[in-house]
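Protein chains: 2
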Amino acid sequence: MATRQVALAIDIGGTKMRGALITESGDVLARDDIPTQAAKGEPAAMKRLAALLRRMNAEVPDAEPVGIGMAIAGTVDPETGLFYNPPNLPAWHDTTPSLDLGELLGLPAWVHNDASLAVLGEYVYGIGAGTKSLVMVTLGTGVGGGLVFDGHLYGGHRGYAGEIGHLVVDSAGPQCACGGRGCLEMMASGTAMARIARERLAAGEPSLVTKLVRGDLDKVSSEVLVKAEGQGDPLAGDVLRGAADYMGVGVATLRSVLDPEIIVVGGGVSRNLHIFFPRLVASAKAHAMNVDKELCPVVPTVLGDDAGLLGAAALAWQKLRG
Amino acid sequence: MATRQVALAIDIGGTKMRGALITESGDVLARDDIPTQAAKGEPAAMKRLAALLRRMNAEVPDAEPVGIGMAIAGTVDPETGLFYNPPNLPAWHDTTPSLDLGELLGLPAWVHNDASLAVLGEYVYGIGAGTKSLVMVTLGTGVGGGLVFDGHLYGGHRGYAGEIGHLVVDSAGPQCACGGRGCLEMMASGTAMARIARERLAAGEPSLVTKLVRGDLDKVSSEVLVKAEGQGDPLAGDVLRGAADYMGVGVATLRSVLDPEIIVVGGGVSRNLHIFFPRLVASAKAHAMNVDKELCPVVPTVLGDDAGLLGAAALAWQKLRG
Numbered sequence: 003m004a005t006r007q008v009a010l011a012i013d014i015g016g017t018k019m020r021g022a023l024i025t026e027s028g029d030v031l032a033r034d035d036i037p038t039q040a041a042k043g044e045p046a047a048m049k050r051l052a053a054l055l056r057r058m059n060a061e062v063p064d065a066e067p068v069g070i071g072m073a074i075a076g077t078v079d080p081e082t083g084l085f086y087n088p089p090n091l092p093a094w095h096d097t098t099p100s101l102d103l104g105e106l107l108g109l110p111a112w113v114h115n116d117a118s119l120a121v122l123g124e125y126v127y128g129i130g131a132g133t134k135s136l137v138m139v140t141l142g143t144g145v146g147g148g149l150v151f152d153g154h155l156y157g158g159h160r161g162y163a164g165e166i167g168h169l170v171v172d173s174a175g176p177q178c179a180c181g182g183r184g185c186l187e188m189m190a191s192g193t194a195m196a197r198i199a200r201e202r203l204a205a206g207e208p209s210l211v212t213k214l215v216r217g218d219l220d221k222v223s224s225e226v227l228v229k230a231e232g233q234g235d236p237l238a239g240d241v242l243r244g245a246a247d248y249m250g251v252g253v254a255t256l257r258s259v260l261d262p263e264i265i266v267v268g269g270g271v272s273r274n275l276h277i278f279f280p281r282l283v284a285s286a287k288a289h290a291m292n293v294d295k296e297l298c299p300v301v302p303t304v305l306g307d308d309a310g311l312l313g314a315a316a317l318a319w320q321k322l323r324g
Numbered sequence: 003m004a005t006r007q008v009a010l011a012i013d014i015g016g017t018k019m020r021g022a023l024i025t026e027s028g029d030v031l032a033r034d035d036i037p038t039q040a041a042k043g044e045p046a047a048m049k050r051l052a053a054l055l056r057r058m059n060a061e062v063p064d065a066e067p068v069g070i071g072m073a074i075a076g077t078v079d080p081e082t083g084l085f086y087n088p089p090n091l092p093a094w095h096d097t098t099p100s101l102d103l104g105e106l107l108g109l110p111a112w113v114h115n116d117a118s119l120a121v122l123g124e125y126v127y128g129i130g131a132g133t134k135s136l137v138m139v140t141l142g143t144g145v146g147g148g149l150v151f152d153g154h155l156y157g158g159h160r161g162y163a164g165e166i167g168h169l170v171v172d173s174a175g176p177q178c179a180c181g182g183r184g185c186l187e188m189m190a191s192g193t194a195m196a197r198i199a200r201e202r203l204a205a206g207e208p209s210l211v212t213k214l215v216r217g218d219l220d221k222v223s224s225e226v227l228v229k230a231e232g233q234g235d236p237l238a239g240d241v242l243r244g245a246a247d248y249m250g251v252g253v254a255t256l257r258s259v260l261d262p263e264i265i266v267v268g269g270g271v272s273r274n275l276h277i278f279f280p281r282l283v284a285s286a287k288a289h290a291m292n293v294d295k296e297l298c299p300v301v302p303t304v305l306g307d308d309a310g311l312l313g314a315a316a317l318a319w320q321k322l323r324g
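One line per chain: the protein sequences are A and B, in this order. Using this note's numbering, you'd call the opening residue of the first sequence number 3 and step up by one each time. Using this note's numbering, you'd call the opening residue of the second sequence number 3 and step up by one each time.
Hint data in this document are derived by calculation from the structure and do not stem from the laboratory. Be careful, since some hints might not be right.
The list cannot tell twin chains apart, which means a pair is met if one copy fits it or any two copies do.
To be verified - Think about it this way: if two alpha-carbon atoms lie no more than 20 Å apart in a straight line, the pair counts; the simulated SDA-like pairs of lysine to any residue are: (1) LYS134 <-> HIS154; (2) LYS49 <-> ILE264; (3) LYS287 <-> ARG160; (4) LYS134 <-> GLY153; (5) LYS134 <-> GLY157; (6) LYS221 <-> GLN233; (7) LYS49 <-> ALA174; (8) LYS321 <-> VAL62; (9) LYS287 <-> GLN177; (10) LYS18 <-> ARG57; (11) LYS42 <-> LEU54; (12) LYS287 <-> GLY244; (13) LYS287 <-> CYS180; (14) LYS321 <-> LEU107; (15) LYS134 <-> ASP152; (16) LYS49 <-> GLU225; (17) LYS49 <-> PRO176; (18) LYS287 <-> ALA174; (19) LYS287 <-> PRO176.
All values derive from a computational prediction rather than experimental measurement.
In isolation and in its complexed conformation, chain A is listed as follows:
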């Protein structure tokens, strides 16, 4: 029987491990997921994951796995595969999940953190397909993203490049846990939106938000703000527009410094808000250098939650094809 070569793509988070069989052209031939059960340790999780992948392969018998790409939530050394101090998988500190899974399945394996691989996935199989360079900004609880230059993730000298959440958008802004101040994550992330709204509510501004959280300001979140904005609440709308404006400032800086072919905006918050994206683009335009220079397109992501999984496949295929 003729076979189709596939990469085994893995995306490991704190609660769920996802696996897929993905061809070089990005076709997903099978996919499934199981609970991570992180506390039971990394070796047990890799054994269950190997079993899952074997079952999936059995259901697509013409698929021939040739390598493994793994996206994982936390800091991992792509060269050695060593995973360290993962906030969401603390029991896995100092393990090598990709190597262990590769050994169980007898396949070469490569690993990178999930945020970076989401960028690579979007570049290879998503909105970036066919481009040469891409910058991605993701807006969720935090602000993340990454850089692709000439087809490859750019990690910089120490592997820290692409910390887009920590570019400074307001030099007088508040101190961030990163050690800096006024960075994008402090001004525009879901956490920042909640903080800003909470401060204004605590100062006595009237808002539907107070009712939605039943007076418990600890329950204010970007989701609540999106809901309140949808019902016409001025404070919520103001906070969300402020965040979109700062995101636009960050996009403007990325464009002036890096001139990528496209800038991709993703993440939970930006997806959920009809006013968010146009506002962000308008702010980027107002802040970006544009005299005699066309602005690079700013576009939304298309892969959504699959970006990390497809990025894991892209990593494996890049390594396999040299």
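Once you have looked at the hints, place chain B on chain A.
Showing chain B alone in chain A's frame:
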């Protein structure tokens, strides 16, 4: 007689054309300059430049020119050599100086704008020698700079990357001629310092600067501010420190996004001010992500005015060695 291969390095500005014979290891065997006489046109200038280079070569007879690298003040297409809309050399619009000089001398020739080649020069023969990636920020009348990744100037998708003067450091800052607002050039350049000082003087703040310019606020410049600061003038010191602080904000953003091996700071204003550099580094540290992450070194340039010329040589050698 044994010969030493040299690149003919050229740096063309609005008033002066400089030439040098430079070996691959960066030894300058000869150097000279002549007035540009820009209004007489590009063909006449290239003929005089060719004659200069022939004379220089005659004085170093064992130097064997193998190619030409040219740095030029203005926008030039590195692929076609076409020079267009140069503000300082208006009569040269739509000419190809590098190709013309190459033809006159029978040598292959390459060209790039002088600001980018100053970065390449600093990378190959200056403070960046031995590093893999470098970001440079230059502070003069404007703010410029450039990016070197993996040994080559990074131009981005449309050739506009490295516009470091236009990264946003204060989203509420004033409108810039670039079309954006609050960019580094509007908050920290020599021109910005003069503008900010002028506004404060016009509002009636007392300062030695008023005396130094004999009451003519049009004469306020970064040079005058440096002079006044040296004599203990509080307003001048304040403006200069403010600019250094914003430069530090820009450096912090470049570090978080790009994680280069080093960040190099150059340009006339930063050279002339003993307080400037430490203040800039302190601001960069206060604004940059640094939890669990070492900060990349921020260092001054070493090549000074020779950076463009050495960058032109570096360009020629990079092209010659493929």
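For each hint, the structure was consulted:
Taking identical chains as interchangeable, the C-alpha atoms of LYS134 and HIS154 lie at most 20 Å apart whether they share a chain (9 Å) or sit on different chains (16 Å). Taking the closest pair of Cα atoms, LYS49 and ILE264 never come within 20 Å of each other, the shortest separation being 40 Å inside a single copy and 43 Å across copies. In the homo-oligomer, the alpha carbons of LYS287 and ARG160 lie at most 20 Å apart only across protomers (17 Å), although the nearest pairing inside one protomer, at 32 Å, exceeds that limit. Proximity of LYS134 to GLY153 under the C-alpha cut-off of 20 Å is found in both arrangements, the shortest distances being 6 Å within a copy and 19 Å between copies.
For the homomeric pair LYS134 and GLY157, the shortest alpha-carbon distances inside one copy (16 Å) and between copies (12 Å) are both at most 20 Å. In this assembly of identical chains, LYS221 and GLN233 lie within 20 Å of each other by CA distance solely inside one copy; the values are 18 Å within and 56 Å between copies. For a Cα distance limit of 20 Å, the shortest separation of LYS49 from ALA174 qualifies neither inside one copy, at 50 Å, nor across copies, at 54 Å. Taking CA atoms no more than 20 Å apart as the test, LYS321 paired with VAL62 passes in neither setting, with 24 Å inside one copy and 51 Å between copies.
Proximity of LYS287 to GLN177 under the C-alpha cut-off of 20 Å is restricted to the inter-copy arrangement: shortest distance 12 Å between copies versus 27 Å within a copy. Proximity of LYS18 to ARG57 under the C-alpha cut-off of 20 Å is restricted to the intra-copy arrangement: shortest distance 17 Å within a copy versus 74 Å between copies. Taking the closest pair of Cα atoms, LYS42 and LEU54 come within 20 Å of each other only inside a single copy of the chain (17 Å); across copies the shortest separation is 77 Å, beyond that limit. Taking CA atoms no more than 20 Å apart as the test, LYS287 paired with GLY244 passes inside one copy only; the shortest distance there is 15 Å, against 26 Å between copies.
Taking the closest pair of Cα atoms, LYS287 and CYS180 come within 20 Å of each other only across two copies (11 Å); inside a single copy the shortest separation is 28 Å, beyond that limit. When the C-alpha separation of LYS321 and LEU107 is checked against a cutoff of 20 Å, the pair qualifies only within one copy, where the shortest distance is 17 Å, while the shortest distance between copies is 46 Å. Both within a single protomer and between protomers do LYS134 and ASP152 lie at most 20 Å apart by alpha-carbon distance, with minima of 5 Å and 17 Å respectively. When the C-alpha separation of LYS49 and GLU225 is checked against a cutoff of 20 Å, the pair qualifies neither within a copy, at 37 Å, nor between copies, at 69 Å.
Taking CA atoms no more than 20 Å apart as the test, LYS49 paired with PRO176 passes in neither setting, with 45 Å inside one copy and 59 Å between copies. For the identical chains of this complex, LYS287 and ALA174 are inter-copy neighbours only, at 14 Å across copies versus 22 Å inside a copy, given an alpha-carbon limit of 20 Å. Taking CA atoms no more than 20 Å apart as the test, LYS287 paired with PRO176 passes between copies only; the shortest distance there is 15 Å, against 25 Å inside one copy.
The structure does not agree with the numbered hints 2, 7, 8, 16 and 17 stated previously, though it agrees with the rest.
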